[in-house]
Amino acid sequence: MASVTMQVNGKSVSKDVEGRTLLVDFLRNDLRLTGTHVGCDTSQCGACVVHVNGQSVKACAMFAIEADGAEVATIEGQANADGSLNVIQQAFQDHHGLQCGFCTPGMVMTAAALLKENPKPSEAEVRSYLEGNICRCTGYHNIVKAIMAASGQDVAAIAAE
Amino acid sequence: MYAFDIERPSSIKDAVAALQSEGAQALGGGQTLIPTLKARLAAPEVLISLTGISEMQGVCLSDEGALCIGAGTTHATVAREAAVHFPGLAALASHIGDPAVRNRGTIGGSLANNDPAACYPAAALGTGATIITDKRKIAADDYFQGMFTTALDEGEIITEVRFPIPEKSHYMKFVQPASRFALVGVFVAKYADGVRVAVTGASEEGVFRWHDAETALADDFNARSLDGLSVAADGMIGDLHGSPEYRAHLVKVMTGRAVTAA
Amino acid sequence: MPKDHGIGASDKRREDVRFLTGAGHYTDDIKTYGATVAVFCRSTVAHGIIKSIDTSEAEGMPGVLAIFTGADFADVGGNPAGWLINSRNGEPMKEPKRPVLAHGKVRHVGDAYAAVIAETELQARNAAEAIVAEIEELPAIVDMAAALAGDTFVHDEIGTNQCFDWGWIEDNRAATDAAIKAAPHVTTLELVNNRLVPNAMEPRCSIGNYDAGNDSYVLQTTSQNPHLTRLLISAFVMGIPENKLTVIAPDVGGGFGSKIYHYGEEALVLAAARKIGRPVKWTADRTEAFLTDAHGRDHVTKIELACEKDGTFIAFRTETMANVGAYLSNFSTATPTFLHGTLMAGNYTVPNVYVNVKAVFTNTAPVDAYRGAGRPEATYSIERVIDKAARELGIDPIAIRRKNFVKPDQYPFTSAAGLEYDSGNYDALMDRLEKHIDREGFAARRKESEAKGMLRGLGLNAYIEACGIAPSNLVGVLGSRVGLYDAATVRVNATGNLSVMVGAHSHGQGHETVFPQIVGEMLGIDPASVEIVHGDTSKIPFGMGTYGSRSLAVCGSAMVRATEKIIAKAKKIAAHMLEASADDVDFKDGQFTIKGTDKSVSFGEVALKAYIPHNFPLEDIEPGLEETAFYDPANFTYPSGAYACEVEVDPDTGKVRVDRFIAVDDFGNIMNPMIVTGQVHGGLGQGIGQALLEGARYDDDGQLLSASYMDYTMPRADDLPFYTVDHANGTPCTHNPLGVKGCGEAGAIGSPPTIVNAVVDALQSAGKNFTHIDMPLTPLRVWESMQTA
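Protein chains in written order, with our numbering: chain A, 4 to 164; chain B, 15 to 276; chain C, 947 to 1735.
The set of hints was computed from the structure by calculation and includes no laboratory data.
Hints are not guaranteed to be accurate.
[Claimed, not checked] No farther apart than 35 Å at their CA atoms in a straight line, the calculated lysine-lysine pairs in the DSBU-like style are these:
id, chain 1, residue 1, chain 2, residue 2
1, B, 204, C, 1398
2, C, 1393, B, 182
3, B, 27, A, 18
4, A, 123, C, 1398
5, B, 204, C, 1601
6, A, 14, C, 977
7, B, 266, C, 1601
8, B, 266, C, 1398
9, C, 958, A, 119
10, C, 1714, A, 123
11, B, 266, C, 1393
12, C, 997, A, 123
13, B, 182, A, 119
14, A, 119, C, 1601
15, C, 949, B, 266
16, C, 1393, C, 1714
17, B, 182, A, 123
18, C, 958, A, 14
19, A, 123, C, 977
20, B, 182, C, 1601
21, A, 123, C, 1221
22, A, 123, C, 958
23, C, 977, A, 18
24, C, 1398, B, 182
25, C, 1221, A, 18
Okay, chain A solo, but in the shape it has when bound (with noise of 0.2 Å):
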């Protein structure tokens, strides 16, 4: 065993676990931030996407420990100060970008951590930034569009229906 400390949405946290302890059974089991979901074994799906020191990262593929003295940002802090949905979860729900919400979590982070290095991502860029998180339920075009709306864009002329 040994201790961490970290912020995680903004509050301190320090708890005692074993080495083996990924920062997703970290986050889930120890802190009961359910939010973030485990979908493979191969760190594939992306439904487990956090933020560390401001990047995205696959919370199965890091130690906790290594998450000793970072700054951790998952879903449960990215809504606005007062409770209200933020810009991209709010387009998500604008444009459907969500169905059953098993991935949804892992989409909106990346699609924070794109915004951040591409304010106005094309579509192309849109979609190969989500190359690292798997939808199996709306065939990605309401979030390639959420994402595209979240960035400012006007995204009425995106395919009719």
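Chains B and C: place on chain A using the hints.
The following block gives chains B and C in isolation, referenced to the frame of chain A:
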């Protein structure tokens, strides 16, 4: 996963010392090792994390003009910081895995693992890079010794990689559709004194140089120079996603495209 | 102009808020005090005799609480098949027992033969690894033709690998054979409908809880239909009385069919919870999902289309081998038969149809209904052979379809495969498709592609499916062992808000939003005051589940019926309050008014009165305002559509890129266009995935080669385009109160043949002698086909 401890040394020296202990294994970015641990395909007693060693981080130019990359540098950092001096390498780094993987995965981890479908081995071999470890310098031509096999000794760690910067280069990857690793990836680099062509993903022997193409391209660095060449299917990987013949064919197609794009 | 509220409005989904903030509650999110962990020992060989299982070392390991093997369940029942199919010779299908844990033999890689319950996951895994099973490996039966010809059996006790040999409609066989023999033109196509792994993003998870005080159980599980799971566990597997077992499916991260079925892990965690007196949790990893979730499709088919020289269809004749895997999953026998054979007339007036299906046991994971279930197989066969026939006859692919479409004045139309289509307009769908696809511009686009060294193809198709599964009377005749009605309870609370308990589980379909839109409009109240309760057998009356695009058509209809009962009773209460006769009370926009007067009371006032029944005429009106309805549909619903796409093929690599995809569907009336469009998008993603990317492949030893995302290609964002989706102007279903048909599966049904037709078109444009390529059309397959064509 089995149970194990993790140590996080802050210097190369401490890391090397820690790796001497029984059952110790180095942990780079973990993007390959952690899934392997989850499958219980490895059972270390202790993992020595190399990500907290600041002397293994960063990208810079050497006095000789080579691009020097600390082994603990992430793909995302290489993509960003190598772009000015060595755009071909930066572009390669920017397409490894996905964005979250690129924020964790490291060049040293990739080269130490030497996955036959990884991208970095093609760049290292395709540039004749030098692999610097805690105890020696290894030429890329000597370093890669077959799938998942390298010249590294037990407990030896890569600390830095030095790339001679080519006049022109490009990496063209045809992805395996599921894993998005390279089904065939070709790195071409044109130097004043010749051309190097390195191929990953294709061969059962791991990354290799396509010497015929190097010779042909040295005369005329143009995709047309490859017209008469072919790659033998013997020794190519055959799996769900590509037969040996298909991979051999793709080596030529991707080489041509890399040359055109360089 | 679309409505801005109520039925037909694109209300935003209320459930999104919890999913977008990490506040959803999926099964694995449940942390129960004292919970223990179950880990399964799974066979690494496809077929073998279990000679012995030595658990002695594992039993003494730290944290181990209990170990189970197949012997512990030898005396309990098997997990049954829900449909009895009779073979052509009248014999019932073979139904070998599907035990909770393998006993005697293991029959596929991943087949569980033991389970460990321990304090922690690490301890459980360590102990599972210490269990020594001596398994004598037997030859693996993988190929279906070899399975039928061979003398090694997956289930020795039935002495065959053939589950059934089914003919539909057997009485039409001779006429169909004769028609084909006499036909001027016969087009034959052999094809494979590839095996798929559903891959809901949430792996399966089950938590067993036992309350010794009440001798009762609670199962929290990833299920599309908790009542069916309860029924199967109670009536067949474990004998727990239904009133002592609660099954709860909380938020579920996608199902696509794979979570319809009851699985052995659910029974195991219940038995284990009882044995150790603590909650027992099992969460699948992705590898377990690949090895043990019910797979989909896996048909090998020969189809013949007989037609006149002018393209008039004379007959379809199909011979199919359908893989059912190692055990019969709950709907596995219905999928290749009544969800497939009955659709083999397609959208067409073809007079002769005959389908033969042989279901085959193999040493592979069980195969069952996956999004579309039987109907994608039917559509793929029909629409591929039509395309081939059109080329052979030199007829335009749209023209040949139009020539044979059922026409709008022919409804109700009884197809040659025995179904009665109630409504539709296939020419109108094709008209709209033609408007969207800009066929005139195709030649120029093909030229542009060719200038880049690419081949461009246009593919299209028409489909019909049977949804709203299903009329109990009809499915009973066809062999179903259950009824397929659904149920809803509408509870008006005293303060005027509503709890609506529905049998259909929502795991992405948006019921929590759409169902209130309907009830809200019917009662003239704000939909926000209607809360949908689902997924808990202790709270809702009954439900047959969410699959077969049935939730709205069947459960939604039950909800409408229950709401109508509410209105009828509320009118009586209002009449009492207004001192009038109920016959004189009108209800509109949430107000009860005496006809011809301005005397009225609101819905809210009536609700309060129902619970404070002072001066109530109790002999006429009971207090309270709560009604339940069960709804059993009169017929299937028949969504239909016309799809088109354009693809670009890179001839140097074989890679296919979908440039554009247009889906025109008739879903009848639309309750929430935004959600319907999303359902089509999702279906298209899976259908295009089947066509281009996905394939579960076993080797000759029965090892699953594509057992992770490293080798099974999930569609990713950059594999797919923006889609054009059009579902305006549908023809309403004639027999359910909402006029709805169902939209959940359409995209997955209509898209695979569209894609394959387009790729064949592209390759033919390069002068290749090329008529077919089996899915998935991976770069390797396309390239190899081009080398041999």
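Please work out if residue 949 of chain C and residue 266 of chain B have their alpha carbons no farther apart than 35 Å. The hint is violated at about 57 Å.
- Item | Given hint residue 1398 of chain C paired with residue 204 of chain B - CA-CA distance at most 35 Å | Given that 35 Å is the threshold and the Cα spacing comes to 26 Å, the pair holds.
Residue 958 of chain C and residue 119 of chain A: Cα distance at most 35 Å?
At roughly 26 Å apart (the allowed maximum being 35 Å), residue 119 of chain A and residue 958 of chain C satisfy the hint.
| Given the proposed pairing of residue 14 of chain A with residue 977 of chain C, does the C-alpha separation stay at or below 35 Å? | holds, 22 Å
Exercise. Can the restraint linking residue 266 of chain B and residue 1393 of chain C be considered satisfied, given a maximum Cα separation of 35 Å?
Worked result: Holds, at roughly 26 Å.
Checklist entry - Are the Cα positions of residue 266 of chain B and residue 1398 of chain C separated by 35 Å at most? => result holds, 19 Å
Sort out whether residue 182 of chain B lies within 35 Å of residue 1393 of chain C, counting only the CA atoms. Roughly 33 Å separates the two Cα atoms, so the pair holds.
Check your understanding: Is the straight-line distance between the alpha-carbon of residue 997 of chain C and that of residue 123 of chain A 35 Å or less?
Key -> This hinted pair is violated, its Cα atoms lying about 63 Å apart.
Within 35 Å, alpha carbon to alpha carbon, are residue 266 of chain B and residue 1601 of chain C? holds, 16 Å
* Asked: Taking 35 Å as the top limit, are the C-alpha atoms of residue 123 of chain A and residue 958 of chain C close enough?
  -> Holds, at roughly 25 Å.
Handout entry: Given hint residue 123 of chain A paired with residue 1714 of chain C - CA-CA distance at most 35 Å
Key = Violated. Residue 1714 of chain C to residue 123 of chain A sits at ~43 Å, over the 35 Å cutoff.
inquiry  = With the threshold set at 35 Å, check whether the alpha-carbon distance from residue 977 of chain C to residue 18 of chain A stays at or below it.
reply    = holds, 18 Å
Violated hints for the displayed structure, listed by number in ascending order: 10, 12, 15, 19, 21.
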